[in-house]
Amino acid sequence: MFEPILTANIYLPESEKISTYLQHGGYQATRKALTEYTPQELIDLVKRSGLRGRGGAGFPAGVKWGFMQRDDRVQKIVAINADEGEPGTFKDRQILECDPHQVIEGVIIASYAVGASQALVYIRGEFFLGVKRWIKAIAEAYEHGFLGKNLVGTGFNLDMSVHRGAGAYICGEETAMLESLEGKAGNPRLKPPYPAQTGLFGLPTLVHNIETLACLKHIVLRGADWFSSIGTAESKGPKIFSVSGHVNRPGNFELPLGTPLREIIYDHAGGVRDGKKLKAIIPGGASTPVLTADQVDTAMAFETLEKAGSQLGTGAIVVMDESTCMVEAARRTTKFFAHESCGRCVPCRIGSVRLYETLARIENGQGLPGDIDRALYLCENIDGSTFCPMGAALVNPARSTIRKFTAEYEYHIEHKRCLVHVD
Amino acid sequence: MLSKTKSRIPNPRKRAMLLAALYIAQEQYGWLSPEAIQRVAERLSLTPGQVYSTASFYTMFKLRPQGQYLIQVCEGLSCYLVGGAEPIIDHIRRSLDIGNGNPSSNGKFTLEIVQCLAACDLAPSIKINDELYGDMTLEKIDELLNALRSKD
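Sequence order for the protein chains is D and H.
Following the numbering used here, the numbering of the first sequence begins with 1 at its first residue and continues without gaps.
Following the numbering used here, the numbering of the second sequence begins with 1 at its first residue and continues without gaps.
Each hint should be verified, as a subset may be incorrect.
To be verified - If you anchor each label on the Cβ, the simulated ranges turn out as follows:
#, chain 1, residue 1, chain 2, residue 2, range
1, D, T20, H, D135, 40 to 50 Å
2, D, H24, H, D90, 40 to 50 Å
3, H, E42, D, E234, 28 to 38 Å
4, D, R262, H, N146, 27 to 37 Å
5, D, A139, H, N129, 39 to 49 Å
6, D, R249, H, Y23, 52 to 62 Å
7, D, N381, H, I113, 22 to 32 Å
8, D, M1, H, G134, 48 to 58 Å
9, D, P193, H, K14, 23 to 33 Å
10, D, Y377, H, G99, 30 to 40 Å
11, H, G30, D, G343, 21 to 31 Å
12, D, R349, H, D90, 26 to 36 Å
13, D, D72, H, S45, 45 to 55 Å
14, H, G99, D, R249, 50 to 60 Å
Calculated directly from the structure, the hints in this document are not laboratory data.
The beta carbon of each residue, even a glycine, is placed where N, CA and C say it ideally should be.
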C-alpha cells in the first residue's frame, strides 16, 4: 500500500491553516533548504531527484531552474500556475484548497534556488474557495516570517501575491498566463524566448504547476534518492491521478508514477460502473489521445504512455464503458477546444470550429461520405501549425477516436445513427 | 514634449491590475456596463477599447446584465458520461423558462453552459454564483432552485 505524500494532510480538519500545517512538521523544509543548501546545491538536488513538471508537458524541473539567469542585478519572478482547466483534471484544486502551505513551501524553495524575489500565484477564476484560502494562507505565512523580509533569518526576501484568472482555458499555457498576469488577453507568446529568459514584465520567470511545487518540500526533507526510488526509469515520484467517468468511486488517487491503469481503475476507483465492460480511457486529460480497453495494462508514466501512442498529460483519467458513443465523446471534447481557442492562429481558431462541425454532422446522422478523411485532413493541418501547443492538443480527441474506432464513425455516416445504444 | 508623450504611455505594471479592477467593477455595477468600463479605463490610464478588448476575452467578465443568480452547468465529457450536461440544462431551462446567457424575465436567474468546472469527481456538477454543487440529480436541482426562488 502506497503511503500518500502530497495528499497526506488534505483530510485533516482545518488542513488549510498554518497552525495545522506547523503541527504536522510544516516549514521544516524551508528552514532546511535556506540554511543548509546553496541555491546551486538545490538545483542539483532537484535535477538528481528526476522531478518532471506535473502540468502536462513533463519538463524536468531542475533543468528548467538551470535555464534561469544567474545575474543578481536582474529581478527574477516565480509564477505559480493554478489555472487548472484541462477537462477531467481536479488534482490541483484539491491541493490548492486543502494544503496551500505545502505549495507555498515549494514556492519558497524554488524562489531561493533561482534567486527570485517575487512570486505570483495565478488561480483559476472559478476556484473561489481556493482564492479565498490562498489570500489567508499567504497572510499567515507573512505573519510567521516565512514570506517577506529576511526569511528564517537568512537574509533571503520573498514577496507573494494572489491573482485571479477570469475563465480562459488557454491561460493554463505558461506564456498566456503571463500575458493574463500583465492584465491582457491571454494570447500565448511565441517561444523562444522562453519565460526563463523573458517572462513576466520581461523579467526572467520560472513557471511551475501546483503539484510540481508540492513535491519540492518532500525532496528537500527526504532526499533526491528517496524521490527517484519511486516511479519508473523516466518518471519519478508520486502523482495524483484524477479519475472520473464510468467508475464506481471517482476521485483523486495519489500513487507512484508507473502504476498500471488497470490498478488505478479497478483497485482504487472501484472498477467500471454497473458491471459494464470497459471501452476506452483518456489517460491524461481531454487533450491526450484515447486508449482502448486492451491497453488497460499500460503503466501511467511519461515514457510508457508515449509508447502506447498517448501522453501522461495531467494524469486525469476519464473512463468510458461500452455504452459510450466515441463520436459523441470526440464531438463534445472538440467543442470545448473550439470554444477555448484564443483566436490568434487561424488553424486553431477556424480549424477547431470546422473540425467540430464535421464531428457534429457525423454524430447527428448528417455525415457525408468523405467526412472522416476531411476530419483527419483538418487534424493534420492544425497539428504543429500553431503558436502554442493547443493546436496539437485539440486534434487528439478526434484523431485518436477516428483511428481506434473507425467502424463507429463509418456506421454513423452509413446508418445515420449511433452504433452503440445511447440513452 | 517628451514628458507629454511619456504621460500618455500607460504604465505596464498598472495595467497588471486590470483583471482585479474588472472584478471590482463587476461587483459594484452587477455587470461590465459601458460606464463601468469607462471608470476602469480612467482609473488605470487605459482607453475604454483596451479595457473592453481584455474584458471580452474572459468568460467570467459579463458584458451583459446578469440575473441575481448565475447558474453554470458543466457540459464536459465527465459530466455527460454520468448523466449530466443536456438533461440538466434542459431541465433548468424548462423550470425557469429561460435561454442561455440571457437573464430570466424577473432578473433573478441567468443560465450559462460551461466547460469543466474541475469537479469531475462530483459529476454532474453545477455552480450557482461562487458555490459549487456536486452529484446533481434533477430532484436536487429542483430543491436548489426552489430555495433560491423563495429567497429575495
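**Request:** Would you list, in rising numerical order, the hints stated earlier that this structure does not obey?
**Result:** 1, 3, 4, 5, 6, 8, 13, 14
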